[in-house]
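**Student:** Given these sequences and hints, build the entire structure.
There are 8 protein chains.
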Amino acid sequence: MEKPLVGILMGSDSDLPIMEKAAEVLKEMGISYEMEISSAHRLPEKTAHYAKTARERGIEVLIAGAGMAAHLAGVIAAHTTLPVIGVPLKSGALEGVDALYSTVQMPPGIPVATVGIDGAKNAAYLACEILSIKYPEMAKKLKDFRSKTKRTLQQKSKVLKKRKT
Amino acid sequence: MEKPLVGILMGSDSDLPIMEKAAEVLKEMGISYEMEISSAHRLPEKTAHYAKTARERGIEVLIAGAGMAAHLAGVIAAHTTLPVIGVPLKSGALEGVDALYSTVQMPPGIPVATVGIDGAKNAAYLACEILSIKYPEMAKKLKDFRSKTKRTLQQKSKVLKKRKT
Amino acid sequence: MEKPLVGILMGSDSDLPIMEKAAEVLKEMGISYEMEISSAHRLPEKTAHYAKTARERGIEVLIAGAGMAAHLAGVIAAHTTLPVIGVPLKSGALEGVDALYSTVQMPPGIPVATVGIDGAKNAAYLACEILSIKYPEMAKKLKDFRSKTKRTLQQKSKVLKKRKT
Amino acid sequence: MEKPLVGILMGSDSDLPIMEKAAEVLKEMGISYEMEISSAHRLPEKTAHYAKTARERGIEVLIAGAGMAAHLAGVIAAHTTLPVIGVPLKSGALEGVDALYSTVQMPPGIPVATVGIDGAKNAAYLACEILSIKYPEMAKKLKDFRSKTKRTLQQKSKVLKKRKT
Amino acid sequence: MEKPLVGILMGSDSDLPIMEKAAEVLKEMGISYEMEISSAHRLPEKTAHYAKTARERGIEVLIAGAGMAAHLAGVIAAHTTLPVIGVPLKSGALEGVDALYSTVQMPPGIPVATVGIDGAKNAAYLACEILSIKYPEMAKKLKDFRSKTKRTLQQKSKVLKKRKT
Amino acid sequence: MEKPLVGILMGSDSDLPIMEKAAEVLKEMGISYEMEISSAHRLPEKTAHYAKTARERGIEVLIAGAGMAAHLAGVIAAHTTLPVIGVPLKSGALEGVDALYSTVQMPPGIPVATVGIDGAKNAAYLACEILSIKYPEMAKKLKDFRSKTKRTLQQKSKVLKKRKT
Amino acid sequence: MEKPLVGILMGSDSDLPIMEKAAEVLKEMGISYEMEISSAHRLPEKTAHYAKTARERGIEVLIAGAGMAAHLAGVIAAHTTLPVIGVPLKSGALEGVDALYSTVQMPPGIPVATVGIDGAKNAAYLACEILSIKYPEMAKKLKDFRSKTKRTLQQKSKVLKKRKT
Amino acid sequence: MEKPLVGILMGSDSDLPIMEKAAEVLKEMGISYEMEISSAHRLPEKTAHYAKTARERGIEVLIAGAGMAAHLAGVIAAHTTLPVIGVPLKSGALEGVDALYSTVQMPPGIPVATVGIDGAKNAAYLACEILSIKYPEMAKKLKDFRSKTKRTLQQKSKVLKKRKT
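Chains as they are written, first to last, in our numbering: chain G, 1 to 165; chain X, 1001 to 1165; chain H, 2001 to 2165; chain R, 3001 to 3165; chain S, 4001 to 4165; chain C, 5001 to 5165; chain Y, 6001 to 6165; chain W, 7001 to 7165.
These are computed hints drawn from the structure, not numbers from a lab.
Hints should not be assumed to be uniformly reliable.
[Said to hold, decoys possible] In silico PhoX-like links for lysine-lysine, alpha-carbon gap of 25 Å or less:
(1) K4052(S) with K2090(H)
(2) K52(G) with K3(G)
(3) K4027(S) with K4150(S)
(4) K7027(W) with K5158(C)
(5) K5046(C) with K3161(R)
(6) K2121(H) with K2021(H)
(7) K3052(R) with K4052(S)
(8) K5021(C) with K5158(C)
(9) K5150(C) with K6052(Y)
(10) K3121(R) with K4052(S)
(11) K2158(H) with K2148(H)
(12) K4027(S) with K4140(S)
(13) K1158(X) with K1090(X)
(14) K5143(C) with K6134(Y)
(15) K5140(C) with K6134(Y)
(16) K7141(W) with K1090(X)
(17) K27(G) with K3(G)
(18) K1003(X) with K2148(H)
(19) K1156(X) with K3052(R)
(20) K1046(X) with K7148(W)
(21) K21(G) with K6134(Y)
(22) K3(G) with K2158(H)
(23) K1027(X) with K1143(X)
(24) K6158(Y) with K4046(S)
(25) K3150(R) with K3027(R)
(26) K5021(C) with K5090(C)
(27) K5150(C) with K5161(C)
(28) K156(G) with K6158(Y)
(29) K4046(S) with K2090(H)
(30) K7141(W) with K1046(X)
(31) K6052(Y) with K6003(Y)
[Unchecked claim] Over 12 Å on every C-beta distance to chain S, these chain R residues come out as not near it, computed from the model:
(32) E3020
(33) K3027
(34) S3032
(35) E3045
(36) K3046
(37) H3079
(38) P3111
(39) R3146
(40) V3159
C-beta atoms are modelled at their ideal positions from N, C-alpha and C, and glycine is treated no differently.
**Tutor:** Given below as structure tokens:
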């Protein structure tokens, strides 16, 4: 079995329905990954250890999804110099604005590459783009994916134009 | 020299002008304290170690101030079961709303006792109130402080009423 | 019957479904408590009286939950020097942002230890942490609770990893 | 000296620069008033007593200005059935949004007539409008004031039009 | 049939489910009222005419409810010096924050007495409080209403305490 | 003197420093305009009359700037079927968010073409674009303006690139 | 078949339920239009080409609806000097506030005429108002539409008044 | 001269004071870069061309800073599959919240790696982290940078502790 290039972490198993969309995109793009629950607050030692050892274990990009105070991506970023992609999750009364601010407003020197609220898919596409600077075949796959998206949308636009007539 | 009962932490020395107001209140109330810089992101190991050993070193309340993503109080709370008071600091474009949400919206089981934005004074008064359940003389001091506040405000009100005549 | 250490107040019986989660946590942690309805606006004298007499009746921590303008925790804090934990409740069109601001932005000298919106569970855990500085067995119970949480989460992470294979 | 019809309260003497604009308008409109400092949190008994006795002392409208958690108008409203006008004040990091929400989002049965942030002038005009239902000469004065405002604005518009030519 | 003292206006018949709560309170309190649809944007002449003639027709308080841009209360206030109570209604994507800001942030000289979002009940209670400065029996009715509210809430608190035992 | 094609209105002369930027753009683009102060609240009849007669007087586009509750553009739109461009102005504690919501969230049937906060320049460019569907020379002028903007920006980019070397 | 005067674009076929309301209004008002899917991000070349050629193909007004980052209207405006009406759509966790800001806050020189969130109907009415400066019969149609709206609303108001009796 | 690995773009030369901080960090880390002004709205063709040709010219990471509607990063991302880092800039009345939402809330398939408001430094550090998966010496440099940061902060903490004694 292939060694994972991407690690997907989430603060709680209730985050899985959103975060597994990242896994699905990676699978489609042929990227090996691993997925774990690791809370900044409830499993702080595991989280630190995971982040610290990620590079030496061959991980090249980390994706972390969390809701509310959403410290996970930032805490991971504190323990590694690998690129960390943060996915703010919609949950609780503030519906993800809290998680967005907690994820994106990092202090100088410890960046988190933040995607939109519940943007797990985009976290995976961003991981692919990052990997594409090292693996030329990924650049090719991304180009094909974009072309396919275009064709689908153009097809839908044609259907819409016909319907109107 | 007396062993500190309260630990005051801040993410950066630029937070000092606000956070030292907590120290001033504690001094006035006769509470011993220590003050350190300890960033959740730039000094994660120190922060974890400080929090883990706080109770055994005799610390009874922790105060943590941070701005922007403001993970400090939450990360400290993850490593101790002492009460942790979070002070969201006003800084950057979001002016403390980010820090407020990051500090207060903690997941179940790991609370942070959050005070208002830049509310370092209130963090110290809250620390005194917490200590007052154990140290009866602190309850007395707080009562005196409240009485003094009342007298000052009533005096100001009298001045205002006279001015108007 | 044991004298209560914690008083839980709420502004309306419609707040009970959230606020009784605080009671459940206290029960699990073996803390005696009492629970009352007491509105800052509709029962102001009772609220003031309750707060003023709480310490002498043996109460050590107060928890107050309210929605919208949410003055309850602040009004209680005005009448006691015991630590007051405020739970902003989600209700009405602003969904708890109003209650959060009303609860946390207290003036200097009268702090409210604010937890997240609908964070009744965390209010109870925070009460336990506060009590732990006086009652060593509570420190032990909190440590056990944290360990149990870790084991549960690690178990869930293992299930997730297996599922993926 | 004339018995006051309007009571103006503020939570702190730092609120005076804004709140005295209400006094100025009342003076212009020939309404007798009194002005006091009375904090919901730092002078709770005085505040309750003031509100409870206001009607019997001949007060007909109350104006209360406060910033941040801004419980003052609501607490006054809890102790009287006179109309209470709340002025949310801009102060602190949230710049008055907190005070606006705390003042306007009152529970059913205890309304606060809220004006804009720092809207002390409008609080006074609203007091005049309320008094105008009882005192016909006030209706006349308000009509004159509106006419004067119109003439001033029309004059300014003419100046602007000429400038452009 | 009695001449109405209060006029209730709303921008659309879709606002009726909220706005008729104001009518219900007025009925309970024995205040005669009339209720009309009158849009600031779709019926501007009617709205202006209604406001201009309200005082001479014996109306003493106006209540206006509107959602989104919510200009209704402000436009009515522009055409009368009677007290105008604005009820910002929750509707559309911004869920009433737009209506709150549009209603409360009036320019100097043209106040709107704003209540909470969807606060139609409180608009009616505020109308009663305003009328109470002129009609002593209304002061009595409001006092009775407050006492009844207190008894109901105290009864509920007793039930809650028993349940817990 | 040429009959104005565009009417620029503002709620107060304090809005002039922003709103005259619209006039400057129109002058540059060779569009005749008139500029007046006309408040939705303080000059409601003038505002209505101005809007109602605008089309017959040859006006083809209206620009209205206002801050805070900012009802001006909406009230004008209620009285004309000409296109009305709204400029929300930054003023007061909410810094233009209130004006933006009040201007843009209009009910169905009465649109306001809203530009950014303090976007008086863009209001004028939008007026030119609207006029360009009728006056072909305006389309030409706009194209030239865009080309000029491009050249200026490309020049600045070149300077920046050189500086770096 | 008639050449379209208005082009309606949307970023995704999921936007159709809202955006087709614009089409319905245009149909009612007798304006020919075309409707296409054209994403700023997924079909950037098509979007640019569509905008660049719109004027020469006889299009006079463009309507663009998009949610979340909502760059569509702005990108279209970058490629044409025709008036572009932007419809921010409610979708995702931020429920349209993101789309509103992304659509309305355009830089000087490239305006977007923004309507309310999900305001597709108003986008169409605004298009009609713009066309009315060139096509006098459209001014007539808009006047008739306004009159009809008034009659309907007045009828509803009468029903409401009767119900109350 | 070395071929640039990172392209830094900004929408206007007024963005330079913030964006050149990214350049300074890259220089310190020994990364070659180029810096250009390229507006999504005022130079759309240049922007598209720059993005489309970036990969073939050897660029591996793109950094784009823009304020207000802030479409730049998204438009660049639409034309390349290289990782694009977006820097929302504080400007105008909304002070960067608009730019943050416009940058981060991208549709699926076209991610932008967003950093905090005015977070140009972190954009550069994130670029370094991305490059570190391909260039091992960059991983080393980042590690050294983190260590240096730790030492500086620990030194500051010691100074603070001494001061207090």
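**Student:** All hints are to be evaluated individually against the structure, with a verdict given for each.
**Tutor:** Hints versus structure:
no. : hint                   : result
1   : K4052(S) with K2090(H) : 40 Å, violated
2   : K52(G) with K3(G)      : 17 Å, holds
3   : K4027(S) with K4150(S) : 21 Å, holds
4   : K7027(W) with K5158(C) : 20 Å, holds
5   : K5046(C) with K3161(R) : 15 Å, holds
6   : K2121(H) with K2021(H) : 6 Å, holds
7   : K3052(R) with K4052(S) : 36 Å, violated
8   : K5021(C) with K5158(C) : 29 Å, violated
9   : K5150(C) with K6052(Y) : 16 Å, holds
10  : K3121(R) with K4052(S) : 23 Å, holds
11  : K2158(H) with K2148(H) : 15 Å, holds
12  : K4027(S) with K4140(S) : 16 Å, holds
13  : K1158(X) with K1090(X) : 34 Å, violated
14  : K5143(C) with K6134(Y) : 20 Å, holds
15  : K5140(C) with K6134(Y) : 18 Å, holds
16  : K7141(W) with K1090(X) : 32 Å, violated
17  : K27(G) with K3(G)      : 14 Å, holds
18  : K1003(X) with K2148(H) : 32 Å, violated
19  : K1156(X) with K3052(R) : 22 Å, holds
20  : K1046(X) with K7148(W) : 15 Å, holds
21  : K21(G) with K6134(Y)   : 51 Å, violated
22  : K3(G) with K2158(H)    : 18 Å, holds
23  : K1027(X) with K1143(X) : 17 Å, holds
24  : K6158(Y) with K4046(S) : 13 Å, holds
25  : K3150(R) with K3027(R) : 21 Å, holds
26  : K5021(C) with K5090(C) : 15 Å, holds
27  : K5150(C) with K5161(C) : 16 Å, holds
28  : K156(G) with K6158(Y)  : 47 Å, violated
29  : K4046(S) with K2090(H) : 39 Å, violated
30  : K7141(W) with K1046(X) : 22 Å, holds
31  : K6052(Y) with K6003(Y) : 17 Å, holds
32  : E3020                  : 15 Å, holds
33  : K3027                  : 16 Å, holds
34  : S3032                  : 15 Å, holds
35  : E3045                  : 19 Å, holds
36  : K3046                  : 21 Å, holds
37  : H3079                  : 10 Å, violated
38  : P3111                  : 4 Å, violated
39  : R3146                  : 7 Å, violated
40  : V3159                  : 20 Å, holds
Going down the numbered hints, you'll see the structure goes against 1, 7, 8, 13, 16, 18, 21, 28, 29, 37, 38 and 39, while the others check out.
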